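A.B. asks: Read top to bottom, the protein sequences are chains L and Y. Residues in the first sequence are numbered consecutively from 708, following the numbering used here. Residues in the second sequence are numbered consecutively from 13, following the numbering used here.
Just so you know, the hints here were simulated from the structure itself, not pulled from any lab data. For clarity, every value in this text was computed on a predicted model and none was experimentally measured. By construction, the Cβ of each residue, glycine as well, lies at the ideal position given by its N, Cα and C atoms.
To spell it out: a stretch of chain L is covered by chain Y in this simulated footprint if at least three of its residues, at any positions, have a beta carbon under 8 Å from a beta carbon of chain Y; those stretches are:
#: 1; region: 732-741
#: 2; region: 746-759
#: 3; region: 804-810
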Amino acid sequence: EDQVTQSPEALRLQEGESSSLNCSYTVSGLRGLFWYRQDPGKGPEFLFTLYSAGEEKEKERLKATLTKKESFLHITAPKPEDSATYLCTVHSSGGSYIPTFGRGTSLIVHP
Amino acid sequence: DAMVIQNPRYQVTQFGKPVTLSCSQTLNHNVMYWYQQKSSQAPKLLFHYYDKDFNNEADTPDNFQSRRPNTSFCFLDIRSPGLGDAAMYLCATSMTSGNYEQYFGPGTRLTVT
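Whole structure, please, built from the sequences with the hints as guidance.
C.D. replies: Here is the structure:
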């Protein structure tokens, strides 16, 4: 059974204080790992897809990396508008287009 | 812009009174999903359509039904809402070729009184 574990559950940062969110996964053949951002009361918004170990993707202050066991979402010099819940999902070769979700990390960035 | 649209954004219904939520997409994606999300929890898959093929999750209550009359539209019917069905309902789409990233609608917040 595919599993995705995100840590920490919640993270509070001061503006400008860089940090990382973790997504550990166990899947039977990784087809893709996805990061989404979800603002309160809204649907998740796609951020990144990673397919193979060593791959990295960047977007503004966010950088996602992937190893064979986990992914990190690095946030550099965060701003209050980066406050959101960040969800990690994986697609496995067994589950194909049905993702397994992590429970998310709630990030709050204080000004 | 291509997108996923959900209506209504907010729905209040009475205990036991049937309610229908709608989702439409302009992305021409072949897979459509319905998720239930409660506060501080990950979205929980209720069912999905692969083209016209309906797939029900094993633990989705019989109280929940769905229809997909065409590629663009999908409906979620809750036949007899209970207080425990109050949640955010999210519709999402994806393609089965190439990337599997999902595109979510803004959600419908359901309140049961």
